[in-house]
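Enquirer: Here is what each chain is made of, one letter per residue.
There are 2 protein chains.
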Amino acid sequence: MIAAGVDIGGSFIKAGLVDTANGRIKARCSVPFPKGQGEEAVWDLVDASVKKLLRSQKMDPADLGFVGVALPGTLSPDKTTVIHAYNLNFHGTLVYRPLQERFPHTPLAVMNDGDAATVAEHQFGVLKGARTAVLLTLGTGVGGGLILNGKLFGGGLGNGVEPGHMTLRYDGEPHICGNNGCVEMYCGAHGLATEKPEATPREIIEGIRRGDAESEKVLDRYTDALSSALVSIVNLLDPEVIALGGGISNAGAPLIDMTARKVREKSFFVAERRIVRASMGNDAGIVGAAVAGDCL
Amino acid sequence: MIAAGVDIGGSFIKAGLVDTANGRIKARCSVPFPKGQGEEAVWDLVDASVKKLLRSQKMDPADLGFVGVALPGTLSPDKTTVIHAYNLNFHGTLVYRPLQERFPHTPLAVMNDGDAATVAEHQFGVLKGARTAVLLTLGTGVGGGLILNGKLFGGGLGNGVEPGHMTLRYDGEPHICGNNGCVEMYCGAHGLATEKPEATPREIIEGIRRGDAESEKVLDRYTDALSSALVSIVNLLDPEVIALGGGISNAGAPLIDMTARKVREKSFFVAERRIVRASMGNDAGIVGAAVAGDCL
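Protein sequence lines correspond, in order, to chains A and B.
Throughout, this note's numbering is defined as the position within the first sequence, counted from one, plus 234.
Throughout, this note's numbering is defined as the position within the second sequence, counted from one, plus 234.
A couple of the hints might just be wrong.
Remember, identical chains collapse to one label, so a pair may be satisfied in a single copy or spanning two.
Stated by the list, open to error - Calculated pairs, DSBU-like style, for lysine-lysine (alpha carbon to alpha carbon, straight line, at most 35 Å):
(1) 385 <-> 313
(2) 385 <-> 430
(3) 292 <-> 430
(4) 496 <-> 286
(5) 496 <-> 313
(6) 430 <-> 285
(7) 385 <-> 451
(8) 451 <-> 260
(9) 362 <-> 285
(10) 286 <-> 451
(11) 451 <-> 292
(12) 260 <-> 496
(13) 313 <-> 430
(14) 285 <-> 451
(15) 286 <-> 430
(16) 269 <-> 451
No wet-lab data here; the hints were simulated from the structure.
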């Protein structure tokens, strides 16, 4: 089946046509997020992007099997409404109906982007075959998703999962999420930048990847926080595998190796547990949204 | 079916004969834990306790349907060996075979006591009917268990779950579990006592229950930590219901109400989520061990 996957982010709306049998993207496009123009402008761009891709492939819209739309926010349990998507400035925003009006003949689903990326890694990436697994995306924010019993876990009450807002320092500063000292404050780009204020996150990540001496210290402090966040998940769920994605994971092996060592040292359980870099990269949202039809 | 449930603790070994249809304990006994006498003395006491109960009920040992044994430690994934049970001083201790030798004709299982208590609450207590639920036991240590997809969750790799060793302060002091600043350090009896060093945990709990002004302050600081621990679980799993058990939960409604309010304030999700006191009390281990045959 050919499905459309759309990944709405605070900077870009990315869309792709995906062969759901193998996760390959046959065509893709990207447009800037229409900041400040209201939600209708966003849905129009989603619509236009998918239809442009169909035309580029000379595909009849009736042959499109599914449209999956991922966005960085919390959805209502019935997935019709965005409760909060801070980066998009959507709060209590209807999403299913306006999209359905634009794709009236195609099955459609809206999902959290961390869930979409998790589905992509589980179907085609480093979480393939896992019964219990976690994806943590380390970017401006920290998101992710859970595989439990071999399937995407959408939260016990259907609200989703937000590993980036678990507690890392209970007497830390308050965060907009409501918690104090949540994981995102220390493990997101802001937390990384705090460790070396004179450099940008990208410069820090490059330094870590190159293995320069000063970056080693930054990495040491950063992984103290990140490993403790992962230990919370490990000691609660004892997962087989944890994948790290998002921009910060571009720091590569030095980040993964130091994090894995510290998680092993701090974990309650002695176990062969894999901690690996996510493999779907920037395509995870598109691919996961496109193939999520069977998982939601 | 009549099953035996045995709850091995660092102070007492408690045993009961349980009607698995309704969780009722038909007969029970308790003997001091034989400190420093080695594990064979423990298995002998388990054996003697169960056989004494059978005699008291004029029951033929052949009519005993199951023996479940719960203990405060981590078991190997195949549940034959105690990896660590610090309070019992068991480390790498064989447990299944010596017990099977004593009950050669009865199905037998060994489990973590937090898992046993969780099964008891799920079958007969406040977690009944829940698909996604958590029990946290607040005692000297902090333990608990998870219900996922309506069943006891034994960990992705089979090592169990240890919510008491999730991270609460990543730059806190090291704990014997390997982590720094884990939940148990702030939410166990030691953490409660830190808030009011001149009183025993029991006196503090009594004061909170009575609602005296000074204890209110202790409760406020304690629930800052406890609520943040629960928020980690809420933001990761979005459970329907969380039950609080163990000795500290005897503080009752003041503890539950303040904790529930703070969890609501700090949670990412807006949801009707129940936070309640566990209802099986000191019997949870016996009952859960006895009925766990179908859950493990």
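Enquirer: All hints are to be evaluated individually against the structure, with a verdict given for each.
Expert: For each hint, the structure was consulted:
1. 385 <-> 313: both (18 Å within a copy, 26 Å between copies)
2. 385 <-> 430: neither (39 Å within a copy, 46 Å between copies)
3. 292 <-> 430: Neither: 50 Å inside a copy, 74 Å across copies.
4. 496 <-> 286: neither (47 Å within a copy, 49 Å between copies)
5. 496 <-> 313: Between. Shortest inter-copy distance 27 Å satisfies the 35 Å Cα cut-off; intra-copy 37 Å does not.
6. 430 <-> 285: neither (44 Å within a copy, 66 Å between copies)
7. 385 <-> 451: Cα proximity of residue 385 and residue 451: none, with 38 Å in one copy and 44 Å across.
8. 451 <-> 260: neither (42 Å within a copy, 62 Å between copies)
9. 362 <-> 285: within (31 Å within a copy, 49 Å between copies)
10. 286 <-> 451: Classified as neither: same-chain Cα gap 47 Å, cross-chain 62 Å, threshold 35 Å.
11. 451 <-> 292: For residue 451 and residue 292, neither the intra-copy (53 Å) nor the inter-copy (69 Å) Cα distance is at most 35 Å.
12. 260 <-> 496: Neither. Shortest intra-copy (40 Å) and inter-copy (48 Å) distances fail the 35 Å Cα cut-off.
13. 313 <-> 430: Answer is neither; intra-copy 40 Å and inter-copy 47 Å both fail.
14. 285 <-> 451: neither (49 Å within a copy, 61 Å between copies)
15. 286 <-> 430: neither (43 Å within a copy, 67 Å between copies)
16. 269 <-> 451: So residue 269 and residue 451 fail the 35 Å test inside a copy (37 Å) and across (47 Å) alike.
The structure shown violates the earlier hints numbered 2, 3, 4, 6, 7, 8, 10, 11, 12, 13, 14, 15 and 16.
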